[in-house]
Amino acid sequence: MNHSKDSSYRHISLSSILRDSHISAKYSTEPAKVAIKPSATEVALQPANDLLYLDPSKQAHGIPHQRVVNQISKKGRNMASTPQLFNYTPSTSNKSIKEMMMVGLQPVDLSLAQQAELLQHNQYLGDLNKDNESTSEGEARTAPLFTGGVMTRVPQLFSQYGLIGKYLPGMSNNAQQIYDTSLGLDSDPRVLLNVSAPWSGFICGQQGSGKSHSLSCILENCLVSSPAGHLNKALSGMIFHWDRYTGYSSHQICEAAYLATAGINVRVFVSPSNLNRMKAAYEGIPELKNSPNKPLVMPLLFHDKQLNVKRMMTMMGVHTDEDAPPLYVEVILRILRDMAQDNQEKNRDGLNYEDFRARLAMEQFTGQQNGPMKLRLDLLESFLRATGNSQSQSQPPPLSQPQSQPQSQWSQRQSQHQNSQGRRFEKRDPIAEIKPLKQLSYWESNQLDAAWQFKPGTLTIVDLSCPFVDENAACALFSICLELFLEDRSSSGRILALDEAHKFLTGSTGAIGFTEELLQVIRQQRHLGTRVVIATQEPTISPRLLELCNFTIVHRFQSPGWFKALQSHLAGASSIFGEENNELGIVAPGKRIADIFEQIVNLQCGQALLFAPSAIVGFVLAPSGNEIHPVKLGMKTLRIGTRQRLTADGGQSIMAE
Numbered sequence: 001m002n003h004s005k006d007s008s009y010r011h012i013s014l015s016s017i018l019r020d021s022h023i024s025a026k027y028s029t030e031p032a033k034v035a036i037k038p039s040a041t042e043v044a045l046q047p048a049n050d051l052l053y054l055d056p057s058k059q060a061h062g063i064p065h066q067r068v069v070n071q072i073s074k075k076g077r078n079m080a081s082t083p084q085l086f087n088y089t090p091s092t093s094n095k096s097i098k099e100m101m102m103v104g105l106q107p108v109d110l111s112l113a114q115q116a117e118l119l120q121h122n123q124y125l126g127d128l129n130k131d132n133e134s135t136s137e138g139e140a141r142t143a144p145l146f147t148g149g150v151m152t153r154v155p156q157l158f159s160q161y162g163l164i165g166k167y168l169p170g171m172s173n174n175a176q177q178i179y180d181t182s183l184g185l186d187s188d189p190r191v192l193l194n195v196s197a198p199w200s201g202f203i204c205g206q207q208g209s210g211k212s213h214s215l216s217c218i219l220e221n222c223l224v225s226s227p228a229g230h231l232n233k234a235l236s237g238m239i240f241h242w243d244r245y246t247g248y249s250s251h252q253i254c255e256a257a258y259l260a261t262a263g264i265n266v267r268v269f270v271s272p273s274n275l276n277r278m279k280a281a282y283e284g285i286p287e288l289k290n291s292p293n294k295p296l297v298m299p300l301l302f303h304d305k306q307l308n309v310k311r312m313m314t315m316m317g318v319h320t321d322e323d324a325p326p327l328y329v330e331v332i333l334r335i336l337r338d339m340a341q342d343n344q345e346k347n348r349d350g351l352n353y354e355d356f357r358a359r360l361a362m363e364q365f366t367g368q369q370n371g372p373m374k375l376r377l378d379l380l381e382s383f384l385r386a387t388g389n390s391q392s393q394s395q396p397p398p399l400s401q402p403q404s405q406p407q408s409q410w411s412q413r414q415s416q417h418q419n420s421q422g423r424r425f426e427k428r429d430p431i432a433e434i435k436p437l438k439q440l441s442y443w444e445s446n447q448l449d450a451a452w453q454f455k456p457g458t459l460t461i462v463d464l465s466c467p468f469v470d471e472n473a474a475c476a477l478f479s480i481c482l483e484l485f486l487e488d489r490s491s492s493g494r495i496l497a498l499d500e501a502h503k504f505l506t507g508s509t510g511a512i513g514f515t516e517e518l519l520q521v522i523r524q525q526r527h528l529g530t531r532v533v534i535a536t537q538e539p540t541i542s543p544r545l546l547e548l549c550n551f552t553i554v555h556r557f558q559s560p561g562w563f564k565a566l567q568s569h570l571a572g573a574s575s576i577f578g579e580e581n582n583e584l585g586i587v588a589p590g591k592r593i594a595d596i597f598e599q600i601v602n603l604q605c606g607q608a609l610l611f612a613p614s615a616i617v618g619f620v621l622a623p624s625g626n627e628i629h630p631v632k633l634g635m636k637t638l639r640i641g642t643r644q645r646l647t648a649d650g651g652q653s654i655m656a657e
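1 is the number of the first residue of the sequence shown in this note's numbering; add one for each residue after it.
What the hints contain is simulated information worked out from the structure, not anything from laboratory work.
Check the hints yourself; a few may be wrong.
DMTMM-like mimics (lysine to aspartate or glutamate), calculated; alpha carbons at most 20 angstroms apart, straight line [what the hints assert, rightly or not]: (1) 564 <-> 595; (2) 305 <-> 487; (3) 310 <-> 488; (4) 455 <-> 488; (5) 294 <-> 444.
All chains should be built: construct the whole structure from the sequences, respecting the hints.
In structure tokens:
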């Protein structure tokens, strides 16, 4: 920019800036001089000689009365010098801006009211040194992972923790070590999980690389007290599992069920249409053959009190964001909306399903609408159970009289007709054709009710592997289970896990909705007191899940496409060249993307690369010498080896003899 030919520009120094609240400051990359137009209303800092450029073409609004102007070096970067503070007092005179430009910035004597206001504001600013110390302690206390050396130095920060594995200093293919011995990783290579703080983790790797083993180790640390950690109060856990069920002999149960071998109370919810086969599979675990602590397998059945409008819509596959929903969907939404309003007026919880059926039966639908609506209702009712009358739910039936199955009022509504040839047939009423809700005994009903009370140290597995449940329906049911799991968290903290998530987090409508709910849980994990861990073969299932997780454990895989997903969403995988930082005691090698990928490919079973920017790996003494600051893993990675399991390993490969 050349200002020499424009007589309307003038040169001034920093000490000649006008005192006015309508002038703002910003950094500029113009040459080392200042040009001022007479009607200027904005100030821009020059990269040299502390000069300002005033641009009259821009207006400034809402500028505070105090402005901190930093010194600018010749390279245009902030210097570490003390900022200069200037007070801009609003102009009340009739002087023009051109006249006020010539007024220098001189110290202003504060009035008593201004001094009182300043003292009051300083109370909220606090001591900067103490604030930094408190922030450092808070960051260390809430870190998801930390090393053994950190725990040794500040054991009071971590009340509950569990061993994940150890740091492996040797890198394959002559790769440089990421950390030197000043962090204590060589003398104490332990890597521990902070059980007290909420966090979210992502585990990926190909089949047989050890991801399910890592997931089980994390669950062990959170659910059972053992020599591998310190657990004052166990969490309660829930894990989702779904697989395409092709037969009893080829089905693989959820590997987390083997946690029952350590005495953990394991309950398994399965599809009612596949109850017997799944019960035989889970109760037939060889390590639990003679154990009284076998997993308790129950059908996944909801009752009225567990229903609300959103859950009804989820189970029926009704979405309000559909572009052109069918007419019967609009009718269902209207009925649910009316019922929600009635419940609000009467202050009732849950949703009366019989009332919903009665309202739906009063509507007139065409033959083309009856078929799709019946399919939605059939899926809904296959996972519902009848509530029954209050007497049957409050006390057991008399032992001398067998419990009878009451006939459903909906089956009584079926009208039968006889044609001219004398044959009997039923009226084609989709509401009447749907079978009655499942009637459970008193003991079965109480057992199911107790299963939804998540006590500390218990694990609930929701395994919906069934020929009649696809991934879309499974994700819809997972969403309802997730809501029920997070409803009452007063008894204990929560840990939520997804096993083999790539099998059901697909592009289906239900999977997209379930992914959105998972994202909301992770975003609010600190407020919900919840830990989330996702185990999958493919890291490409959801980039947003990968971005939000606090740490990622990467086991062996060979796909460049998978690594590209990590490279796009993980800080440690996106850095091409590291920087040397001697002040913190960290030496990052000049890393190439190919080197990181090569390390992943050459990982052995049970080994992994740990990406955890907020993990605390050591402490460094501050320049003042009076305090220490935590050293975060940042954009670096750790090569770790997962510890042995406390429980039986259900993921061992079956070899031919």
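Looking back at the hints listed earlier, which ones does the structure fail to meet? none
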